[in-house]
Each structure stands twice: as C-alpha cells, then as structure tokens.
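A.B. asks: Sequence:
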Amino acid sequence: MDERELLKRIQLLEYHQKLLLKLVNNPKLEFNKLIIEKGISEQEVKNFFKLCEEMCKKMEAQKAEGFVYFSPLFDEFSTSLPLTLQTEEVIQACLSQNLFESLMLDFKKYI
Numbered sequence: 030m031d032e033r034e035l036l037k038r039i040q041l042l043e044y045h046q047k048l049l050l051k052l053v054n055n056p057k058l059e060f061n062k063l064i065i066e067k068g069i070s071e072q073e074v075k076n077f078f079k080l081c082e083e084m085c086k087k088m089e090a091q092k093a094e095g096f097v098y099f100s101p102l103f104d105e106f107s108t109s110l111p112l113t114l115q116t117e118e119v120i121q122a123c124l125s126q127n128l129f130e131s132l133m134l135d136f137k138k139y140i
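Heads up: the sequence shown begins at 30 in the numbering used here, then just goes up one per residue.
Keep in mind that the hints were calculated from the coordinates and are not lab data.
Quantities reported herein were computed from a predicted structural model and do not represent experimental measurements.
Glycine is no exception: its CB is placed at the ideal position from the N, C-alpha and C atoms.
Be a bit skeptical, because a hint or two may be false.
What the hints assert, rightly or not - Simulated restraints, written as ranges between beta carbons of each label pair: (1) GLU32 with SER131: 39 to 45 Å; (2) GLU66 with LEU36: 18 to 24 Å; (3) VAL97 with GLU34: 23 to 29 Å; (4) TYR139 with GLU34: 36 to 42 Å; (5) GLN115 with LEU49: 19 to 25 Å; (6) ASP104 with LYS79: 14 to 20 Å; (7) PHE96 with LYS51: 34 to 40 Å; (8) LYS92 with ILE140: 16 to 22 Å; (9) ASN54 with GLY95: 39 to 45 Å; (10) LYS51 with LEU80: 19 to 25 Å.
Throw the hints in and build the complete structure from the sequences for me.
C.D. replies: Dropping the structure here:
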C-alpha cells in the first residue's frame with residue numbers, strides 16, 4: 030500500500046470517527062450510520078448534499094411549471110448515488126434524520 034492510499038484511509042477513518050462522536054450524543058442519526066456502514070468518504074457525502082440541493086431546485090422549478098410526477102428526477106438521483114448506496118436506504122435514512130425532507134418524501138413515492 031502506497032502513502033497516498035494510506036493517507037486516504039486515515040482521512041476516511043478520521044471522518045468516520047467524527048460521525049461516530051455525533052452518534053454517541055444522538056444515536057438516531059441514521060444517515061450518519063449509513064455513511065459509516067457503507068464506507069462513504071467525506072467528499073462523496075459533500076457530492077451527495079450538492080446533488081440533493083440541485084434536485085430540490087429542479088423539483089421546485091418543475092412544481093412551478095405544474096409537474097406532478099418526478100420519476101425522471103428520481104431516476105437521476107438514483108443513478109447519481111455512490112454504488113455502495115441503495116436508493117431506498119438513503120431515502121429512509123434522510124427522512125429519519127430530517128435531511129431534504131420534502132425531496133425525500135416525493136422520492137419515497139417511487140420506491
């Protein structure tokens with residue numbers, strides 16, 4: 030294992046350790062648990078939050094135009110997730126942690 034790979038693993042462990050400390054105080058942080066369980070990196074989580082923010086904006090724009098079905102957005106969301114995450118578990122974890130609640134409630138209809 031080279032130094033770069035070792036550094037990445039240390040950074041991942043440090044990130045997961047921060048999440049674990051938050052879990053000690055609030056064991057109901059299901060999304061944080063999911064991140065740790067699936068070995069998701071901090072950058073992947075940042076990308077996920079950015080994706081959700083973009084999806085929220087797109088959904089708001091579509092709702093303003095009168096759209097009522099959002100399956101294309103749901104499909105885009107699903108295919109943009111890291112491969113280790115399944116759409117249903119992400120939606121459930123986000124809802125339990127009140128993350129992007131409106132978006133996840135709409136997406137839950139397509140599971």
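A.B. asks: With 34 to 40 Å as the target window, see if PHE96 and LYS51 comply at their CB atoms.
C.D. replies: holds (36 Å)
A.B. asks: Could one say that the CB atoms of LYS92 and ILE140 fall in the range 16 to 22 Å?
C.D. replies: Taking Cβ atoms as reference, LYS92 and ILE140 lie about 20 Å apart, which means the hint holds.
A.B. asks: Lying within 18 to 24 Å: is that true of the beta-carbon distance GLU66 to LEU36?
C.D. replies: holds (23 Å)
A.B. asks: Tell me if the beta carbons of TYR139 and GLU34 are separated by a distance inside 36 to 42 Å.
C.D. replies: holds (38 Å)
A.B. asks: So does ASP104 sit 14 to 20 Å from LYS79, Cβ to Cβ?
C.D. replies: holds (18 Å)
A.B. asks: Range hint 23 to 29 Å: satisfied by the CB atoms of VAL97 and GLU34?
C.D. replies: violated (48 Å)
A.B. asks: The hint says 39 to 45 Å between ASN54 and GLY95; measuring C-beta to C-beta, is that right?
C.D. replies: Roughly 44 Å apart at Cβ, these two residues keep to the hinted range, so it holds.
A.B. asks: Given the range 19 to 25 Å, decide if the beta-carbon distance of LYS51 to LEU80 lies inside it.
C.D. replies: At roughly 22 Å between Cβ atoms, LEU80 and LYS51 fall inside 19 to 25 Å, so the hint holds.
A.B. asks: Indicate whether the distance between the beta carbons of GLU32 and SER131 respects the range 39 to 45 Å.
C.D. replies: 44 Å Cβ-Cβ, so the 39 to 45 Å window holds.
A.B. asks: 19 to 25 Å was suggested as the range; check whether the CB atoms of GLN115 and LEU49 agree with it.
C.D. replies: holds (22 Å)
The structure fails hint 3 only (numbered hints given earlier).
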